[in-house]
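Make the full structure from the sequences, and use the hints.
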Amino acid sequence: MRSHAATMIGAATLNIGLFMTSAAVAQQPVCEPDKIAQKYPGLAGRTIKIGVDPQTPPYVMRDAADFTKVIGVDADLARAVFTCAGVKHEFFLGGWSGLLPAVMSGQIDVMWDNLYYKPERAKSVDLILYMKAGTGALVPAGNPQNITKKDDLCGRTVSYGVGSVEDVTMKEQDKVCRAGGLPGVNVMPFQDLASGLRLLDNSRTDVLLWDLGFVDATASSNPKKYARGFATYSGLIIAAAVKKGDSDLAAVIHDGLAILQSKGEQKAIFQKYGVDPGLEVSTQVKTN
Amino acid sequence: MLQKNYLASLLTMVLAFPLVFTTSTQADNLAPGDKGETHWAREFLSYVTSGFLWEGALIAVEITAIAMAAGLALGLGLALMRLSSFRVVRASAWFYIWIMRGTPQLLQLVFIFDALPFIGLKFSSFTTAVIGFALNQAAFSAEIIRGGILSVNKNQAVAATSLGMSPFLTLRRIVLPQAMRAILPGIGNDTISMLKLTSIASIIFVNELTFRAQQIVGQNFRFFVVFAAAGLIYLLLTSVISLIQAWAEARFDLERDRTAPDPLRRMFGFSLKRTETPGVTALVTGKAPPRSSTPLAIAGGKDASSRGTLAEVLGRAPSDGARSSEPLIVCRNVHKQYGAQKVLCGIDLTVKRGEVVVLLGPSGSGKSTFLRTINHLDTIDWGEITVAGQHIGYQRIPGGQLKPTGGLAQARAAARISMVFQHFNLFNHMTALENVIEAPIRVFKMDPVEARQLGLRLLDEVGLQNHVNHLPHRLSGGQQQRVAIARALAISPRVMLFDEPTSALDPELVGEVLAVMRKLADAGMTMVVVTHEIRFAREVADRVVFMDGGLVVEAGTPAEVLDNPQHERTRRFLRIMECEPVAAAESSAA
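These protein sequence lines map, in sequence, to chains A and B.
Counting from 1, position 7 in the first sequence corresponds to residue 7 in the numbering used here; the numbering is continuous, with no gaps.
Counting from 1, position 236 in the second sequence corresponds to residue 236 in the numbering used here; the numbering is continuous, with no gaps.
Don't read these hints as lab results, they were simulated from the structure.
A hint or two may mislead.
25 Å max Cα-Cα, derived PhoX-like pairs, lysine-lysine [claimed, not checked]: (1) LYS122/B x LYS88/A; (2) LYS175/A x LYS35/A; (3) LYS118/A x LYS132/A; (4) LYS244/A x LYS272/A; (5) LYS123/A x LYS263/A; (6) LYS49/A x LYS175/A; (7) LYS244/A x LYS403/B; (8) LYS403/B x LYS342/B; (9) LYS132/A x LYS35/A; (10) LYS122/B x LYS123/A; (11) LYS519/B x LYS352/B; (12) LYS243/A x LYS352/B; (13) LYS49/A x LYS224/A; (14) LYS49/A x LYS122/B; (15) LYS175/A x LYS149/A.
Bear in mind that the values here come from a model prediction, so they are computed numbers and not experimental data.
This is the structure:
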C-alpha cells in the first residue's frame, strides 16, 4: 500500500510539472516552512482563505470542546498542509453551495470541503485530488432490516439528498427490483442532512444514503444508534479547489498532501474521525 | 422510542421553561456532547446562554439594524420617485423595485459577493450582507412608505404649501408623521423578517445565529435542544422589535392624551418650555380671563385687545414699499384649463389694501380655482397675477410671457398670502396650538417662545383658549375652522384667501366663523372670500364679484351687485341662493 502511494506521488509530481513552470515543484517534498518565499514566491505574504462549511461532518465541523475551532478530515488536512509549507491561513465559514462561487470570484482562495472532482468542474477551478468518494448506507444500530447490499433495498424506504448521485442510483435500483419481480424502492429524498437523519431517527425511513466518510464517522461515533449497512464506490474523487491558474497555491496543497500521505498522516487523520483509511488516493492536480 | 423521548422533552421544556430559567444555575458546559448524560433542561439552558450563539445573534442584529436604516432611507427616496410627476423618475424607481422584489435575495447576495469582484468591487461578507439586505429592503419599504404617503389626505400637503412650507418641510413635518401610522406595522414586519432571514447570508460566509445552530447540530445532532435554544434567542430579539414597534405606534397615535406636559415633545424632539397661557379677552365668546402682562396687549376692553393682537399681526406683514393706494393684488387676463376643459377664461380683478372682496357664483364657475391661482397653488396658463407688485413663482421670459420658476415655496412664503379652506385642512397630528405655530417657527423662523405666545393669543382671539392642546378631531367643525383662521393669521399675512370657509359646517356653526371673519375685516385685513353667504357679503364686503363660466360677469359694491344686479345670470343665482337655508342660519348667528 505504502509503495503504491509512493508511485502515485511520483506520477502526480510529473503531472504537476506538465502544467506548471515553477521550478519549486521539482523540489523534494519536505516541510520547509521557512522557505516559502523561495519555494512558492506567489504565496509569500499571502494569507490563504480556506472556505469550508462547518456543518459537513466528518469533513468540517465545530470542535465540541471549543466552538471557536473547526475540525474534521478536511479542516485538519488543510491546517496540516499550510502549516507544513509555512503559509499563513484562516478559515472562512459559509454555506457549502456558496464556497465554489467564492473561489471563482476570489473572495476565498481554496474550497476544501468534500468536493468531488468532475471534468466540467475543472473548467472553472483547478482541483487537487486526495480521497475516494463513496456512498454509505446508514441504518439503525443492529441493522434490523439486514440491509447489506443494494439489492436489499427492494421494498424498503430509502432517503438521500435531493439531486445527489444516490438519487440517480436509486431510480435505477427501483427498476432492477421491479424487473426481478420484487417490490420497488420507496424513496424519500431530503433537503439537508439534518432532516435526513431525523427521518432515520423517527423510523420514517429504513436507510439513509450519504457520503461514505460521513456514514462511517457517524456509525463509529454513535455505535449504539447507527451502523453502516453497506458501502458502494462511485469512482468519484474528493478534491480541494483553487482558482484557475493559482498554480503556487495548487502546488503547496499538492506538495503538502504528498508529504502527509508519505508519512501516513492523512490516514491517521482519517482514522481519527472514523473514516476508512482505504479511501486515501494519491494526490494529484487536475486542471481539466 | 427515541422520538417520543424527544417530543416529551420538548413539550416539558416549553411549558417549564420560565421555572427552569429562574431556578437553574447557568450551565458550565457550553457544548454538551451527544452522551445523553446532561439533563435536557441544563443542556437547553447552556445553549440559550451560549456565547457562541449570542455572537451569531449579535451579527444578525447588526446587519438588520444597519440594513434596515439604510433600506428605509433608500426606500423613502424610491417612494418619492414613484410619486414623482416625471415619468422617467417614476419608471426608474418602478424598475428597481421590480428587479429587487422579483429576484431571490439569496441570488442577490451571491451576485454582490461573487460577481462584483470581477469588476473590481470586492466587499467583505458583513458588508455584502448589509448592502444586499439594504438594497432589497429599499424596494419593499418604498412600497410601504408610498402606501403610507398615499394614505394621508392630499389636502394636508395643500394646506402646508399654502403656508409657505417647502415640499421637503411638508414631507417631514406634515405628511410623514401622519403616514407613520400606516407605515409602522409594515416596517415592523419587515424588520422581524429580516432578522430571521439573515440566516441566508451563511452562503456568503456570514456566521449568524441559525448557521451557528446548524453547525452545533452538524457536530452533535442534538436538533431539538439546539434549535429550541436558537428559537428562544430569536423570540427574545423579535420581542424587542415588537416592543419598539408598539412604542413607535403609540408615539404617532392620534388618540393619545394631548394634555400631558410639553405637548410638542412628540414631534421629532421639538420641545418648548411650557408657559402660562396669556389671558387675552376672547373675541367671540366674550369671556374675559384675567389678563397677563403681554407686551402687545392693550388694556381696557375686548375690542381694544383684539385690535391689539390683530394690529400686531397686520403690523408684522412685510412692507413692500409700495404706496398704499396702489392695488395689492392685480390679476390680468387670467386663463386656466384642465385638459380640454376651460376653467378660467380671462379674469381681470384688482384688490386694494384692506379691501374685502367676495367672489360669488354657481358651482363650477371657477371661483375656487381662481383663488388658488392667486397664491400659485394652481398654475395659470395665460395672463398674470401680481401681489404687491411681485409675481409668485413666475418670471417673465423674452417675449413677455411668464414661466414658472424654481423656489416656489420661498416665493409663496415671501408673498405672505394665507388661505382658509372649505374642509379646514388642519394638520391632523398636531394640536390646535401646534397647527398655529408650525409655519411661523418652521418657515418664518420665529422664536418658538414668541410664536407660542402669539399662537395662544390668536387662539384666544378666536375663542379657543380652552382647546389649545386638542387635536383637530376632538374639535367641532366651527372650532376647527377658527383654528384654521388663527393658523392663517399667525403668518402675518398681507392677504387672506377664504375658500368657502363655512360650506362644510353645520348651519348652527356658521355664525361663529363668520363673526371671526367680520372682526378681521374690521381690523383692516385684505381678504378675498369665496362664499355663498349673501348676507355676509352684503354686510362685510367692500366689493362683490359675480363669476360664471370662468368669467367675471359683474362686479361692484354689495348694493350694486346684490340689490341691483344687471345681468340675468346674477339675478338667477341670487334668487336660488335666497331659498338656501344657509342664509337664514347665517343671519341668526350674525
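These are the hints, each one checked on the structure:
{"no.": "1", "hint": "LYS122/B x LYS88/A", "result": "21 Å, holds"}
{"no.": "2", "hint": "LYS175/A x LYS35/A", "result": "58 Å, violated"}
{"no.": "3", "hint": "LYS118/A x LYS132/A", "result": "13 Å, holds"}
{"no.": "4", "hint": "LYS244/A x LYS272/A", "result": "32 Å, violated"}
{"no.": "5", "hint": "LYS123/A x LYS263/A", "result": "32 Å, violated"}
{"no.": "6", "hint": "LYS49/A x LYS175/A", "result": "45 Å, violated"}
{"no.": "7", "hint": "LYS244/A x LYS403/B", "result": "63 Å, violated"}
{"no.": "8", "hint": "LYS403/B x LYS342/B", "result": "20 Å, holds"}
{"no.": "9", "hint": "LYS132/A x LYS35/A", "result": "31 Å, violated"}
{"no.": "10", "hint": "LYS122/B x LYS123/A", "result": "23 Å, holds"}
{"no.": "11", "hint": "LYS519/B x LYS352/B", "result": "18 Å, holds"}
{"no.": "12", "hint": "LYS243/A x LYS352/B", "result": "83 Å, violated"}
{"no.": "13", "hint": "LYS49/A x LYS224/A", "result": "38 Å, violated"}
{"no.": "14", "hint": "LYS49/A x LYS122/B", "result": "15 Å, holds"}
{"no.": "15", "hint": "LYS175/A x LYS149/A", "result": "16 Å, holds"}
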